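Can you build the whole structure from these sequences, using the hints too?
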Amino acid sequence: MVYKTKGTCSTQIDIEVEEGIIRHVEFTNGCNGNLQGISKLVEGMKCEDAIGKLRGIKCGFKNTSCPDQLSYAIEQAMQA
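Just so you know, we're using UniProt numbering here: the sequence shown kicks off at 1 and counts up by one.
Okay, the calculated beta carbon distance ranges per label pair:
hint : residue 1 : residue 2 : range
1    : Gly60     : Ala80     : 28 to 36 Å
2    : Gln12     : Lys40     : 12 to 20 Å
3    : Asn32     : Ile57     : 17 to 25 Å
4    : Gly60     : Glu18     : 31 to 39 Å
Derived PhoX-like pairs: lysine-lysine, alpha-carbon spacing no greater than 25 Å straight-line:
hint : residue 1 : residue 2
5    : Lys4      : Lys58
6    : Lys40     : Lys53
7    : Lys40     : Lys6
8    : Lys46     : Lys58
9    : Lys4      : Lys40
10   : Lys58     : Lys6
11   : Lys6      : Lys53
12   : Lys6      : Lys46
13   : Lys53     : Lys4
14   : Lys4      : Lys62
15   : Lys4      : Lys46
16   : Lys40     : Lys58
17   : Lys62     : Lys6
Since the hints were made in silico from the structure, they are not lab data. In this text, all values refer to a predicted model and were calculated from it rather than measured experimentally. Heads up, the beta-carbon is just placed ideally off N, CA and C, and yes, glycines get one too.
This is the structure:
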């Protein structure tokens, strides 16, 4: 599934969810090293656990962040 981010340096998140488990995450643009790290950390996690950890994180003065946007991408992927 492809999720178009809002309000972040990253522009897109490609995500695969299978049976409530995050199988793959890949960000387009943004802070490459940090986003690769976040992606690897959440792969294999239960969707609900990752959402609980990531939702509400802010980046500087922004109302959202790449991890926050990932929580919305996971939520949308669960419904697909």
